[in-house]
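Numbering (my numbering), first residue to last: 1 to 137.
Derived by calculation from the structure, the hints in this document are not laboratory data. Take these hints with a grain of salt, some might be off.
[Said to hold, decoys possible] Distance windows between CB atoms, simulated:
{"no.": "1", "residue 1": "S127", "residue 2": "R43", "range": "31 to 37 Å"}
{"no.": "2", "residue 1": "R40", "residue 2": "Q15", "range": "17 to 23 Å"}
{"no.": "3", "residue 1": "N24", "residue 2": "V82", "range": "18 to 24 Å"}
Given the structure is predicted, the values throughout are model-derived calculations rather than measurements. By construction, the Cβ of each residue, glycine as well, lies at the ideal position given by its N, Cα and C atoms.
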Amino acid sequence: MYSILSVPFYDNRAQQYTKILCVNAVPVAGPLAALVKTIRPPRLSGLSGNGGNRCIHALHNPEHDHALMTPDELPELFAFLVSNGYTVDLGLTKLAAKHQSGGGPSTNANANANPSANANSLVCIISHTIPRSALVS
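Using the sequences and the accompanying hints, generate a full structural model.
Structure (structure tokens):
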């Protein structure tokens, strides 16, 4: 199981704050692993402990290899996940979001104005089942 998160990120090229999509851990196997880029984000002003020292596992857009995915690209991410055998666990996502500070799944509202709002927001929890045919060769 993996958590997909919306994380504030300072884009040095555009010189602005944005939100990007990340996964809590690099998938060991499965198609999602090909979309993960482990990066060391720049430190966010006003946020202690975020960036600088800690790497994150950002998702990149498969159509544009150097572009990181944003919450605006969630429909594309969900289409990729479903077509590649991933399942979004709605029950666990709702339970985790209920206990997350901020209260619920993320939105991209005010990401540029206030990057500390919903610093790391849960988008969803996913799982991947390896088909039996892949296990028996």
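**Message:** Of the numbered hints stated earlier in the document, which are not met by this structure?
**Reply:** none
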